[in-house]
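**Student:** Residue numbers (this note's numbering), protein chains in the order written: chain S, 8 to 398; chain W, 8 to 398; chain P, 8 to 398.
Worth double-checking, as some hints may not be accurate.
Since the list can't tell identical chains apart, any single copy or any two copies may satisfy a pair.
Distance condition first, Cα-Cα at most 30 Å in a straight line; then the derived DSS-like pairs of lysine-lysine [claimed, not checked]: (1) K310 x K219; (2) K221 x K310; (3) K259 x K219; (4) K308 x K284.
None of these hints come from the bench; they were simulated from the model.
The chain contents come next:
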Amino acid sequence: MSESQPRLSDILEAETILEGPSSRRAFLARASALSLAIPGVGAALAACSPDSAPRGDGSNRTSTERGTASEAAQDSLRHRNSDSKLDSTLLKGARHGNSSATGSATKDAQQSAYHRYDPALPPLATGGRLQVHFHAREVPLRIADDTVVAAWTFEGDVPGPIVHCQVGDTVEFTLTNEAVVPHSMDFHAAQIDPKTAFRSVPKGQSVTYTFKPKWAGAFMYHCGTAPVLMHIGSGMYGAIIVSPREALPAAKEFVLVQSEFYLAELANGVHAFDYQKMLSTLPDFVIFNGRPNQYIQAPIKVKVGERVRFWVVNAGPTHPCNFHVVGEQFDTVYLGAPPANSIRGVQTWDVAPGGGMCFELLCDVPGEFPFVNHGFGHGQKGGIGFLVVEA
Amino acid sequence: MSESQPRLSDILEAETILEGPSSRRAFLARASALSLAIPGVGAALAACSPDSAPRGDGSNRTSTERGTASEAAQDSLRHRNSDSKLDSTLLKGARHGNSSATGSATKDAQQSAYHRYDPALPPLATGGRLQVHFHAREVPLRIADDTVVAAWTFEGDVPGPIVHCQVGDTVEFTLTNEAVVPHSMDFHAAQIDPKTAFRSVPKGQSVTYTFKPKWAGAFMYHCGTAPVLMHIGSGMYGAIIVSPREALPAAKEFVLVQSEFYLAELANGVHAFDYQKMLSTLPDFVIFNGRPNQYIQAPIKVKVGERVRFWVVNAGPTHPCNFHVVGEQFDTVYLGAPPANSIRGVQTWDVAPGGGMCFELLCDVPGEFPFVNHGFGHGQKGGIGFLVVEA
Amino acid sequence: MSESQPRLSDILEAETILEGPSSRRAFLARASALSLAIPGVGAALAACSPDSAPRGDGSNRTSTERGTASEAAQDSLRHRNSDSKLDSTLLKGARHGNSSATGSATKDAQQSAYHRYDPALPPLATGGRLQVHFHAREVPLRIADDTVVAAWTFEGDVPGPIVHCQVGDTVEFTLTNEAVVPHSMDFHAAQIDPKTAFRSVPKGQSVTYTFKPKWAGAFMYHCGTAPVLMHIGSGMYGAIIVSPREALPAAKEFVLVQSEFYLAELANGVHAFDYQKMLSTLPDFVIFNGRPNQYIQAPIKVKVGERVRFWVVNAGPTHPCNFHVVGEQFDTVYLGAPPANSIRGVQTWDVAPGGGMCFELLCDVPGEFPFVNHGFGHGQKGGIGFLVVEA
């Protein structure tokens, strides 16, 4: 490994985030054993647990159900996934196991049914208290008629379910890890010690914490386990929308999570995510809510005269989302927490990776308005959908 | 074609924007015939119509004149340009025809004279009504002493002419397509159904629509025909400046359109635009108003004590414009519509691709102030000019 | 050199910035002699002056001391550094001299001690007047236990020393160039004619100018000598923090300068900066204050209840800094000059390359909060540190 490359210790050091500097030395000692293994890890994801076929529309809601994992497939995955710090002795073998989808995973991939990700903002919880229980799961996810990806997910979908609460609500959150590698949860809407709340948990274990969002906005959530680029890049993110206590103007509200997909070559019917490609920053897809151009086929529909509010989260991992609606202008973009912090009369605004913003427009003209990432070198790779305004 | 690559259907799907979901199936059927042809299309542009040599200073104004096309050259181009969905059977041949500039196009290229793009904001139309008639034309455009590009243009120049109006004015716009491939026009200042107004028109036909800008600002216009990355990347964009009805502070006003050029190897004296390079997002030039460093040779000049207002549009297609004036600071940047939505005391601000913004500074110090894109990895590739403040 | 590549004349034209258009022709004549030499220049930097080992903590302050240069090593460097316009006849040889670190430079590299860059904002100067004297120096700089880079610096460190003043103060600045190639200084906080104030000076000479910052904020300073991408990319930048005259809320104040490192292969114990990599825009490191992950090992510490103010400068040269604190939210981000121009309730905001911004949060929760560049494709390459909030 050339010394001019980023070192594994740098890539993995984010792990220290969750465990504190005190354990850094021990961690690096472990990491040194991995030094050559990371490049092959993306392709090693093709074996997926069979309990996690994506469900139909409406599935992107919080859930407490748990699948029954196939321990055989899990064992297969464990031997191939170099992100696990628990079995580093197996990692060197993983470098040579790139076409690693098992027969059952391939069958799972074929059976994985496409479903549209519902962009509608779910209703607010009542009583000022939400209980949210997510499960980290590895699933084959059909993102187009001809494409299935080996995703790391929250609740079996990419993005994970939309969480909707209000400033000052109490969110009681639990993550249960059903995947082989450790995972964690970082809510950008929480102000909390990440060393404990956002810590990684191994398979079969859970972490629970409670927070009260202080600011309104469109916030990202994501797995923060090292290397965080891989965990975000493999599908572990979603949106928590925090509405202000002061009512915003009446509107149809939608949530769009932009993300980039970096995919390995097809192997046994499934594309693994490719960590080296993530580092190259040249994505294969840049998409809203996990499927290329899904809202061309099944547009977002409103009626003329209605106000539309897009809560846009940019999960990245790397590029900005230059959000634009063709044929329309945003009368309001909230750069900070709504209902303040707004600017008016905007054609395009960039949401930073790891950021979120709220965009409003009044649909006073009927028609078919594409919403896009106007940075077309990336944005054209699947980042187009339709807002249909019906007369 | 690897399944991990963006599929042609994704790249071309933007076409659906202009025709609605109903025609999607038919479109994709057509597109499948093209599946291997797109990679070679950039280089196929080297043959250009001979009627379109750029004109001298002052030419970047709206016009109704029409050139007389050389049908022979147009025929040559038709056979090589794979963006045309009308002759897909010819496309496979185009992949092998990379050095395709005809003798007459080469001669045109040699005769193409360099002209500076006048950055001055043209005066407002009187009477609250503008008639703007643009023609889509393919021309060889000399952007430097030693460089001619095969451009797709509005009115024979890159950027196209500056349009200047006021909030609430009526803009009656007509696009006549003199080029072989279909083109269209998307004004970011318009609120209008893009399905009809921004539709593509084939050669020899026109589209007309009327709009009343609702917000002040620096707005992009561009061809929206699929693949939009190619049409923007090949030169089809410009600026429409919408002044607010409330007077802004008296100022010398200039328009800067940043864009990226991705060029194929020289063939017969002309550089075609290279679509694969556009997808690589590593441009050859990042420039203001279509020529590398043109305002070093012929600076923008004002007098000490004057206020300068830059209306900056970032046509992209991909990278931000991190606008900065060396030796100066912006006292005002309007993030949204002027005269509101401003911030003060700014060294550098990024304009998103597909966006526009208004920057003001008071020139109370004489000197020679370079304006730049301070993201120098890209910005140094031609994105430097001089603002000379004369005592 | 392919004509579709950016030409040397474009790359070098920024030089004209400092000397005005009148000298352009003579400059280009000189530059043409260099035309093939630039690609090899990065690697030619491995020979460094031996008088400039980085000093211990607290060294990142302004200084008037001067090292005693080893003329032998300087001679060696002069023969290899193709940025020098004074000895262009030697440049063609330099292309083949990639492993050019001399024995003494290698010894210097081994002796270069790692030191943490102190992020604390230094106290304000008294009396409304600062005298700042920087020296341009080439030094081997240890940025990690196992990595030494051949840096171009101000005062022997990357970033250079933090300058802290107040709106309306008088800053009397002198740059003395101890390096072989010409250097200059561009303060983004100054409003001044760059043609004279920011001019390049050859070895042994000085330039002096005086300015009064008009706006509060976090401003970049950098060498502006052509090609500016190389001078910024090789380490010549830092922060000048201009506090407003109206007091901001009491806070612990820190300065973070993000930058990208593009490194050549190791040669004789030192990594030169690699100009071709800078143009590729794919960095090896993206870091705060010049060392990968230095604030993981030695965190920034505050006490619970304290307000923290980060003055963030993004030196680039190319990518945005998507600034985020894990487990926290910024209650205030100043988009323009503090104390106005703020937005509230922000998870992540992007600072443009060449820009700066001020971020505040109230540390009302104890814990260990990583601050990151959330654009993880780049940001994960060293851009992580800890803010520890002690109970």
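**Student:** Confirm or reject each hint.
**Tutor:** Do the hints match the structure? See the list:
no., hint, result
1, K310 x K219, "between (35 Å within a copy, 22 Å between copies)"
2, K221 x K310, "between (33 Å within a copy, 21 Å between copies)"
3, K259 x K219, "both (25 Å within a copy, 25 Å between copies)"
4, K308 x K284, "neither (35 Å within a copy, 36 Å between copies)"
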